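**Q** Here the protein sequences line up with chains A and B, keeping their order.
If you use my numbering, the first sequence corresponds to residues 672 to 957, in order.
If you use my numbering, the second sequence corresponds to residues 672 to 957, in order.
Treat the hints loosely; a few may be bogus.
Given that identical chains are not distinguished, each listed pair holds provided it fits within a single copy or across any two copies.
[Claimed, not checked] Here are the computed lysine-lysine pairs in the DSS-like style, where the Cα-Cα straight-line distance is at most 27 Å: (1) K923 to K940; (2) K728 to K680; (3) K870 to K728; (4) K680 to K950; (5) K940 to K950; (6) K923 to K680; (7) K923 to K699; (8) K819 to K940; (9) K680 to K699; (10) K674 to K911; (11) K673 to K911; (12) K911 to K950; (13) K923 to K950; (14) K674 to K728; (15) K870 to K680; (16) K673 to K699; (17) K728 to K950; (18) K870 to K699; (19) K870 to K674.
Because the hints were derived from the structure by calculation, they are not lab data.
Here the structure is a predicted model, which is why all the values come from computation and not from measurement.
One letter stands for each residue in the lines below.
There are 2 protein chains.
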Amino acid sequence: MKKTVYTEKWTDDVHLTIADVDHIHHEKTPFQTIDFYRSITLGIFFTLDGLMMANEKDEFIYHDMISHVPLAVNPTIRHVLIIGGGDGGTAREVARYQHIETIDMVEIDERVVRLCQDHLPQTAHALDTDPRIRLHFEDGLAFVNGAKAGRYDLILVDSTDPIGPGEGLFSHAFYQACYRALSDDGILINQHESPYFDKERREMVRAHEKINALFAISEVYQFHQPTYPSGHWLFGFASKRYHPINDHQPAKWETFNLHTRYYNSDLHKAAFMLPTYVKEALHNAR
Amino acid sequence: MKKTVYTEKWTDDVHLTIADVDHIHHEKTPFQTIDFYRSITLGIFFTLDGLMMANEKDEFIYHDMISHVPLAVNPTIRHVLIIGGGDGGTAREVARYQHIETIDMVEIDERVVRLCQDHLPQTAHALDTDPRIRLHFEDGLAFVNGAKAGRYDLILVDSTDPIGPGEGLFSHAFYQACYRALSDDGILINQHESPYFDKERREMVRAHEKINALFAISEVYQFHQPTYPSGHWLFGFASKRYHPINDHQPAKWETFNLHTRYYNSDLHKAAFMLPTYVKEALHNAR
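Chain A with its partners taken away, still in its complex shape (with noise of 0.2 Å):
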């Protein structure tokens, strides 16, 4: 197979670029252009619309920090909804708690779901193996105003940059339609984009202002991501109920005894510890 290189340009000068990689995939959808590609450093990666979703090397860290810390702060999590995360990673963490009753997982691209279950089984296995996840092909704001009110005790929004077809999921509407959704104990976990770069930025930013409008609590975590601009990734949390530091039941969930790359207790906590650049961002947006 032909080798190629693949460029991400994090800023119009700054680039990741990954050599001698085989392109093994490419397609548009109504929604998007998907492409797989195998690397050595990487293994296999996907893009869509050209930026790097996951690949076998790093996406331990996003799903480990997507899910582990709500479940870390209420362990009795039952409903949970997953918005986007065609990859399946998310999915694959939260069904590892066995007392999770359902994962409804809502990704308006069917082809990246299928795409991942053929290419990338690494993240994607657990969508063919648990009968607890439903998968929905559709728009993440229309399947989140058709649930019913309270329905879900955590939402994560797995979602892409807030172009194409992951804007809607950065919308006010989006989060208002979370929150209506959310039990009163419920948990939103939503991709916050970066404070490094200044395009990553100001979505940063923008998510922040609109989710601190709706939720009692809203706070701002970070880990470190190689392969998404700048490596310096954050997920917002959002609830009525639950602080994520003065809630945090580290001894609860050390009994569900999960072996996980990144997460652990201690870092639950420090991933809370902003620089004071973030910091600072993040309450101008307030």
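Chain A is fixed; fit chain B onto it per the hints.
**A** Frame of chain A; chain B shown alone:
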């Protein structure tokens, strides 16, 4: 000026590329090759033997984290030795503490200092203006071996990677010499590489093994450095007496009233809370 492209191979196949740079200086010294570039997003940056050392956009992170962590553990530090650190950024941060009496800076390659004074005054300016900073252009190991036992309260090893002139600064003999040159409550901070890609992880483990064998207290802390390989970088904190968390003195540090853009008292403890895969790699080094 002709525009060029700067590429740094983080691994054989994963590269950071900076497009549209002006190559403003190139020089071979007896020790290494020095290049300065001007870029759109990162501002001025320089490389040693082709590896990014510092740039105007993210140098504040590295220099915050190497200097303020130890000074918030022992706020009475008076005598500081900096090994390497030719760009002057570490000396600049240390010099913000008025109570510090002497700052010896040992840089093997005078040209690094002189070129940073010309091209990167943002980091180098304190070298010109602060009389407490004494520059020594000599080998770091030889200098530390020649220092009086117990001379320093703090040694900051602001080195390049363990190849080329930086190699000796990762040796057992060097760490042993630092131990001898430190006072009974002395602290050693060292550039501890990265846990993520194989090459830096091997060096992280090797450095940790050596320091851990010498010092009663040896911990590792992390930060986000977007332009270093993977963006996930570490410093080591070693001491004969002080534990970086148990002996942390945030109230005292706050009285210095220093505005720092990355470091803050909450982040201090949090930085020592490492991902599980990093803890496991370091534990295996013990």
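**Q** So, for every hint listed, does it hold in this structure?
**A** Outcome of the hint check:
no.: 1; hint: K923 to K940; verdict: both (15 Å within a copy, 23 Å between copies)
no.: 2; hint: K728 to K680; verdict: both (20 Å within a copy, 17 Å between copies)
no.: 3; hint: K870 to K728; verdict: both (25 Å within a copy, 15 Å between copies)
no.: 4; hint: K680 to K950; verdict: within (26 Å within a copy, 32 Å between copies)
no.: 5; hint: K940 to K950; verdict: both (15 Å within a copy, 16 Å between copies)
no.: 6; hint: K923 to K680; verdict: neither (42 Å within a copy, 43 Å between copies)
no.: 7; hint: K923 to K699; verdict: neither (45 Å within a copy, 59 Å between copies)
no.: 8; hint: K819 to K940; verdict: neither (32 Å within a copy, 42 Å between copies)
no.: 9; hint: K680 to K699; verdict: within (20 Å within a copy, 31 Å between copies)
no.: 10; hint: K674 to K911; verdict: neither (50 Å within a copy, 53 Å between copies)
no.: 11; hint: K673 to K911; verdict: neither (52 Å within a copy, 56 Å between copies)
no.: 12; hint: K911 to K950; verdict: within (22 Å within a copy, 34 Å between copies)
no.: 13; hint: K923 to K950; verdict: between (30 Å within a copy, 22 Å between copies)
no.: 14; hint: K674 to K728; verdict: within (20 Å within a copy, 34 Å between copies)
no.: 15; hint: K870 to K680; verdict: both (11 Å within a copy, 25 Å between copies)
no.: 16; hint: K673 to K699; verdict: within (21 Å within a copy, 38 Å between copies)
no.: 17; hint: K728 to K950; verdict: between (29 Å within a copy, 18 Å between copies)
no.: 18; hint: K870 to K699; verdict: within (25 Å within a copy, 37 Å between copies)
no.: 19; hint: K870 to K674; verdict: between (31 Å within a copy, 24 Å between copies)
Hints 6, 7, 8, 10 and 11 from the earlier list are contradicted by this structure; the remaining hints agree with it.
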